[in-house]
Structures are given as C-alpha cells and as structure tokens.
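Chain by chain, the residues run as shown.
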Amino acid sequence: MRIANLRIENFRGVKSGFVQFGRHPVLVGDNNTGKTTLIEALALVLGRDRLVRELTEHDFFGSNPQAADRIKVVATVTDFPGDDPEQSSQWFRDERAVVKWLDEATGHVHPARNNPAWRLCCQLGAQARFDQDSLAVETVRYFHDHDEPIDPFADEAPAPVPGKLIQELSFYLVRASRTWDKVFSWGNELFKRTVLAAAAQPSGALLAERDRLRAPAQPIDADPGIQPLIEHLNSELAASFPNAPKVQLRLTSTDSRSVMEAVSAHFAGTDGFSIPAGRQGSGLVSMQGLLLLLELGRARAASGGEFLMALEEPEVHLPPSAQQRLVQRVQALSTQTFVTTHSPLVASMADPTSVLILKKHDGILSAEPFLATPLPAAAPNWKRKFFQHSRVDVLSALMQPALLVPEGRADFQLLRCILRPLMMTEGWIDMMQRPFGIEVGVVPTEDANVIETHRLMQRLHRRVCCLVDGDAAGLDYADQLWQEAAPPSAIIRWNDGAMIEDAIGWILNADEPTVVGKLAEISPQPPASTAAVVAYLKTKKMDIIAYENLAEAIATTPGCRARAADLLSGLACACAGDEATQRFVREANGVWVFQP
Amino acid sequence: MGVSAVTVHAFTGGAGCGKTHMLMDSLSAHLDAAPLNVGQKVLALTFMHGSRRRLEERLGMLQNLKGKTECTTIDSFAWRLFRRWRSLAAALGFANIEPTEYERVCEAAGALAQVKEVHNWVAATFPILVVDEAQDMTVNRLGMVAGLANRLEVFVAADEFQCLSEELRPNPACAWLTQVCAPEELTQPRRTNVDELLDAAQAIRAGEAPKSAKLFMIAQTSTAPLAGAWINSNLSWYGGGKRVAIITPTHGTFSRAALAWAAANKTKRGAGPYNVAWEQSEAKAATEYLGTIQLADQADGVSIAAVLAAAGDARTARDVAEWLEIQRRTRAKVHFTRDEVVKLVEQSFSQRRQSRRSDVRGWKGMTVHSAKNREFDNVIVLWPAAVGGSDDQKRRLLYNAVTRAKERCIVLVQAAAHMGLPPFA
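Protein chains in written order, with this note's numbering: chain A, 1 to 596; chain B, 1 to 425.
If you are wondering where the hints come from, they were derived from the structure by calculation, not from laboratory data. This one's a predicted model, so the numbers in the text were calculated from it and none came from an experiment. Check before you lean on any hint, since a few could be wrong.
What the hints assert, rightly or not - BS3-like cross-link-like pairs, simulated, lysine-lysine; straight-line CA separation at most 27 Å: (1) 15(A) - 333(B); (2) 66(B) - 164(A); (3) 333(B) - 266(B); (4) 164(A) - 68(B); (5) 164(A) - 41(B); (6) 394(B) - 214(B).
Said to hold, decoys possible - On the chain B side, residues computed to face chain A include the following (Cβ under 8 Å): (7) 84; (8) 117; (9) 122; (10) 124; (11) 331.
Here a beta-carbon is modelled for each residue, glycine too, at the ideal position from N, C-alpha and C.
The task is simple: from the sequences and hints, build the whole structure.
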C-alpha cells in the first residue's frame, strides 16, 4: 500500500495544503515550508497512538483554536492488490472503508470507477479540536467517506479506524530530533518490537543471567569492605523481628523484566575497548535507531507486510556516505518512504521526479516534483545537464527565497566565486542592505537557455528572476521574457553593451593598482590593467582557477570588497523588488538595469 | 438484478407456525456447513424495533453463532448504507436526504445495494442476511434487500396475510420471494395448542366466520361500561399472573371509555377496578410531553436545560442537556430555536422505543399494529364500531389480534350489526 496524497487543514503553520506522493518521495524546501508539518500530519492520520505527539493549541493554525476550529488531515491510501476490494476485505467492508477510485493524474477521488486507469483507494481522516473547558485536545481517526463537511465531534460519529489496520500499515517515523540514548534495550519500544518481529526473545540467555544475579559467585554483601555494616544491620534486624531475614545486595530486582531493562548496548572498537552507547558520538547514537528500523523493515518485507517510513533529515549526525547508503537501504526495504531534507546533497541522491519541492505561501502548502516526468531520450543535452549533473546546485538555489536565472554559466560561477570569500569576511553581512547569499539562489543556466530555464523554475518557485546581458541578445531575451504567460518576478540586466565581466571590471576599478597587482597569475601574461583582466575573462570563459584568484583578490582589497558587496546587495534588492538600492534602477519598461 | 445468482431461503405461513423457528434451524444448518470467518457476522433486519429485539434474542440462542449477529431495523441499516456511501449515492442521483425521510433513504440504499462494490462490501462483513416479517417491506425497502441478495445468503420469513398496509397489495416482498426461490410453506401451528384459537384463526384467514366457544369467545358489548365490565371479569378470572393484552384496531372513544370504566368501577360480582396502562406510541408521548413544557422561540442552553429538568422526564432532560453541552463545547453555540429542541425531544423519545425491552409482563393495552409479532397468554380484543377498511383488511386486523393469544382470547364487539358482517361472518 502507498499513501497517494495528503490533505491538511489548519495544522500548525499550514492553513490548507494538498500534496501527492510517489513511492519514495524526497521532500525538500527551505525552513518553515512545512516539511515537518507534513510528516507530523502523516503520523497523525497513520501513526500508532504512541507515535502521535500530544497536540496543544500551537498545533492549530494561528495557535488560538476556537470551539468550532478543527485540525483536519485526510490521507488517500492506494496500491491495493489487483485494485480489487475483495482481496483487501479487511479494508473494504461494513464498518471499514468504502470503495473509492483515485485518479492519480489529478489526485481526485471518485465514487465510481468511470475510468479503468483509476486506482482503488480508501481515505483515512483525522480531526482534532481544542476543548476550552478541559484545556485538552481531542482527536479522532476515522474512515473519510465523502467530502461533505462533517463534524465527528458533534454529528453522528464516523466509522473509527481500528488499531489493527493501523498496525498493518506499519508507519514509522524517525524525527529529526533523535533522543535515542538507550535504544538497544528492552526499555525501548522499537527494540522490543523489532526483536519480536525480526528475531526471537533471547530467553535462555536472559534467564541464565537472572539466575546468575540471584546467586552471584562473589556477592557484594560478602565483600570484606562492606561486611561489618551488613552484619550490624542483620543483628539489629534480628533484635527487632523474630526470624528476621538477612540483608543481601543484588544487581537489579533479579526478575527477567529488570534484567531486560538493565541491558545496555556497548560498542567494541577495533582497539578492543567496549564503550556504552551513551558515551558514543551522536552519529552512532542516531544510527542505532535507524538500524533497528531497517531490521524491522526487513522482517516486514520478508513476511510480505507493509512498511511505511518517514525519515526526517537523514543528514543529521551522519557522514554523507552513510546518508546515501541509509536512504537507499530504507527505500529498498520499505513499501513507501518519506524523506525530508535540507540537504541538496541528500535530495540529489533521489530520482529527480521523486524530489518534491515544498512551497508555502500565506499558509497554503503545495508541492511540485523537481522534474514532472522522466526526461525522454530526446531531451536536449542542456536539460539533462541541468537536472542531472547540476542538480545539487539547482536544488540548493530552490531553497532560497528568490531564485536567479542568469543568462549563462559564467554568471553563475563568477557570482558564486565572488560571494564565497566575501561571506567569510568578518562583518560582510553589515555591508549589504540585503544578504545576497541568504536571499538569492543562482542556478547554473546551460547554453544561454534563460527562457526555458525560467519556465522550468517558474513551476517550482514563486520568485524567479532573470539576469541578462546589456547587449542586443540580452535585450531580446528581456523582451521575450516579458511576453511569457507568467513573466519573471524581476528582469535584471547589465548596463548597455555590458556583461558580468564588465561589472567585475567596475569592482576592480575601485582600487585598480592594488588589485591588479594581486592578479599577476590570472593569465599567462600578467595583466597591466583592469581592462586587460576583463578582456581576458571575456575570452576565457569558465576559467575557474582565474575566477578563484579574482575572488580572493577582491575579498582582500577593501575598496573592491565594498563594491562587490554593493553590487551583490543591489542584485538581491532587485530580485526582491526593493528600490532601496542605487546600484540597480528600474527603468520605465520594468527592467532593472545595473548602474556602475 | 442477477436473479440466477440469488440464494434465498424463504419460509411462509400463518401466525405462530414457527417461521422464525425454521428460519433459525435452516440458518443454523447453513452455519454448520459454512461457518463464519473471523470478523464476519449475521445481519438481521426487521421492520420494527419490537421485532428486532425478539429476533436478537432468538439469534442469541444459536450456539454456532456465538452472538456474532447484528440486528437492526431495515430503515436504520438503509441509513447506514446511505451515510457511508453518500458520494456514490449522489453520483446515482440521490442527494440531500435527511435521516427521517425513511422511504427516500431506502430508495437510495436500494440503488446502492445493486452496485457490485456495495453488496460485496456488505457481504465481506455480513455474508448472511436474515429478514423477518418481510411482508411489511415497501418496494423501496425490498429494493435494498433484493440488492443485497445478489451476494448475501438470505433467509426470509413472511406471511402475506399479516401485512396490514393496504398499499402493499399485492405484496411486493412475497411476489419477489416466489420469483427468486420456492418458499417453504409452514402450516403446523406451534404458538398454541388450543384448538379453539387455532380454528378461529384459520377461519378468519380463510374468510369464514370464527366460531365463538369457551377459550375463543365473541361477545357483543354495545356500551363502554358493558365492555369495561367484561374486561374486569375476564381479568379477575383469567388475569392473575398472566400476560394479558387488550388489543384494538383503533384506539378511539369506545376503547378509551371501556378502559376508563374498568379503571374506575367494580362489576356486580366485585371484579375490579383494574387500571390497564396503554402503550403509547413514542411520537404521541413526545407530543404530550412537549405540550407540558413552555419553550421560548429562542433561548440559551442553560434555560432550556432548566425548563426540561423541571418537566420531570429525567431521561429526556439528560439527552437534551447532553446535546446542548456538545453544541456549546464543539461549536460555541449557546442559543437554540424552539424547533431544534422539539426535534431533539422527539429523537429522545424515539430512541426509547429502540431500547425498550420486548417482554411485557402483566397487563397492557395496545393497537393491533403494536401487538404485531408479540405473544400473550390472554388477549382481549376491543372491536369498536369505527373500524374502517375493506372486509379483507378487517379480517387481517382481527387475525393479527387473535393470533397473539396462547391460551385464550375474547373479542368484544361494539356494534350489534357487525356481528353478522366480516370478519365475524
């Protein structure tokens, strides 16, 4: 089975939202775009009771729930064997779900199968309300029969979802905040469950340990150090009670339960030292729980059962190589996974069609696949490069508040190279009205496909801006972009006849003698002037070594550094539509033009 | 409807011939051959709540069922289908139906039950359907049962002659049964072995004159005091420790006056006075209750609760107060119209009917309709001059009243002229 989509109303920061899922979606998005809300919403409707966090007022959109306000989450479950309700009669029968049909293309659910492509599905709902009298949140989980408004708290109670079915779905959630200290221990619910599902209780060893603790070879109470005290206690006892029992000191309560709870995992290093889990680094600590989940998944898969797993931020505490392996293992063992991440690296491991870019505007949550459909064999080379080779860069740009599509790859590289050393300079952020590196993500446009790239990004990001040259071709691009059905949020261009290398020249001109002196190695012949540097950059595009030299020279020359900051912050202002900059001015036709 | 796939086991026959007994026997035999799976239950549908409870008791006695039954009325099961499959019903053209629009609900449920996914869905939980008193089903109610019969194994009991609704002639359910199966006709009476009662019932059913004798007697009582005196002597002689029902086709002036006399007077021989409580319909009880309380057109929950608390009916007061509280807590609604409260009071009364115990001890008065499918040791029939309907209808009414008796039955006829007319001649 698989969760095909999820509808959320009034939950945390999401006023309303609708997201469709494939088999192994990877959810990316900036902070506060609703990744965690989405995962918690899944847990609310699919999770076993233990998994669901106790809700408070803050879980309601706006944090001030009134009597009639409801959190509402509806999940559509599909992928039932043969799309035949009779084969899944534990799901489809009286007091369970009614039969419905899902159109995966639209996410719409229909009461009758008017199209053979529609899939059998059932819908589960969860609602919560805050009770002003008891100051507690009441939650119900039910079969969502139809979209007509019902209030499960005031109207006729809907059919509840039995715990058995929830267990069958077997939804697990690994939260980003992993507080897993004693994981490999019977005090841990997950461990107990995994032992029973994937192995068997080691009862022989546990009973032997219990018996050993009951009759220790070297009893603590018999130790010469403590013995005088014990003897005094025994004689006092004997004077107080007839047939008084004798004091013995034992480890644990010497029953099997306390033996099990006292078990604590140790990790033996190659050096032979065995160290308890609690003393290990956080990477190993969080790895423990994931390992258990993998085992549980393996056991579920072996028995043909379902295993749905949500994994928040696998990048936390884990080295990149482990992240990749882990995500792939989890996906291989689960019926469906939901991975959330901040890391473009983790996102780039997944197939681009299963990466979902989350967006949230004014409380409305939505998600778009990074690539809507797999690239056909005939897809142009630049597109392939953009979605495959460059996808870490594209994904990381998508997580910024504004996204800038420059005319060419050189713009991308130069902006990035200059920004990097600048960001490492003390106080750089105070030099900018708007911090470019935090507010603007730049994508590596291939082959000057600024128009097509803008179109591709428009679907994924609300604020897409374009940066073109000041030459005839650039002006033409600007015109075409204005003609688009959905034109960019901002069109920015370099001054007349100029391109980014000319803007670099303007930065260098702030302190020409000093900075040119630092650029002796940029070209085979040391340049004599900024004009020579600019000319070299124009003839030798994408010389990354030269770009890095240049960035270093600018970052270490105060006058140039100030101009670079001025230019980048001006660019950030233009992207945000903010007129606070003098470096870029919006002309009558709406295009922001660089003012050197 | 795929008639060929339908498996229906039907039992027909007169009152007290053991239709329900045979229903249980054949169900039990079927369960022995094909036991229920885990989570499966037998669905038992009846027309009224009284028969629902009796059927529940009977099914509860089946050893191989171990209580895995769900007994409900046809109407509430229809609502359940409609409520769950509301979006499919809307696609089939049934929308905006209120739970109290029973016929429309059943019509929608009938259309739904014809859909493969729906009857399979019911069958996954309820592979077996039992329907008692099937003759009382309207076309719409029958539609739902017939739809379910496409997939469920159906066990039905029916007696066309016990149908009291003149609109159901010819009887749709009985016609359907003969179409889908060969109903087994039961002729051996089991409720009583009193020959006089059996003969009288047979005569009435056959359109002949029932013979007045000792244990079945017809007496002409022109006035209410006369009828009241008969009632008191009968109760005095034969009422002690017995379940007695005073049954009338229409509870009007004659029956009221007769009962009033009986409650206030002694006979010359000293029998009485006896006060026999009249079983009131819940709708009527609700109306009477509402007549005793003063409700403002618009009022707040607290004062409504206070009015009802003062009115004395603790159960209704509690039901309404609970609902008001839920509205306040879940919707912040604190003002209610008179209509809202009236609807709630009516609901509260009608729910009582659903939970009331079926076995009646002692003496009770009731209409023929509410006596349906029940049995008593001793039955006193009050036959007022005002009984309407065709001769056939009158025979059915008398038949239904007389066949409630296990030991004895007396019919008190108000109009002397009626003695020579059907159903008495």
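Status of each hint after checking the structure:
1. 15(A) - 333(B): holds (24 Å)
2. 66(B) - 164(A): holds (22 Å)
3. 333(B) - 266(B): violated (56 Å)
4. 164(A) - 68(B): Judged against 27 Å, a Cα distance of about 19 Å means the pair holds.
5. 164(A) - 41(B): With a Cα-Cα distance of about 18 Å, the restraint between residue 164(A) and residue 41(B) holds, given a limit of 27 Å.
6. 394(B) - 214(B): This hinted pair holds, its Cα atoms lying about 23 Å apart.
7. 84: Holds, because the Cβ-Cβ distance from residue 84(B) to chain A comes to roughly 5 Å (cut-off 8 Å).
8. 117: holds (4 Å)
9. 122: This interface hint holds because 6 Å falls under the 8 Å limit.
10. 124: holds (3 Å)
11. 331: holds (5 Å)
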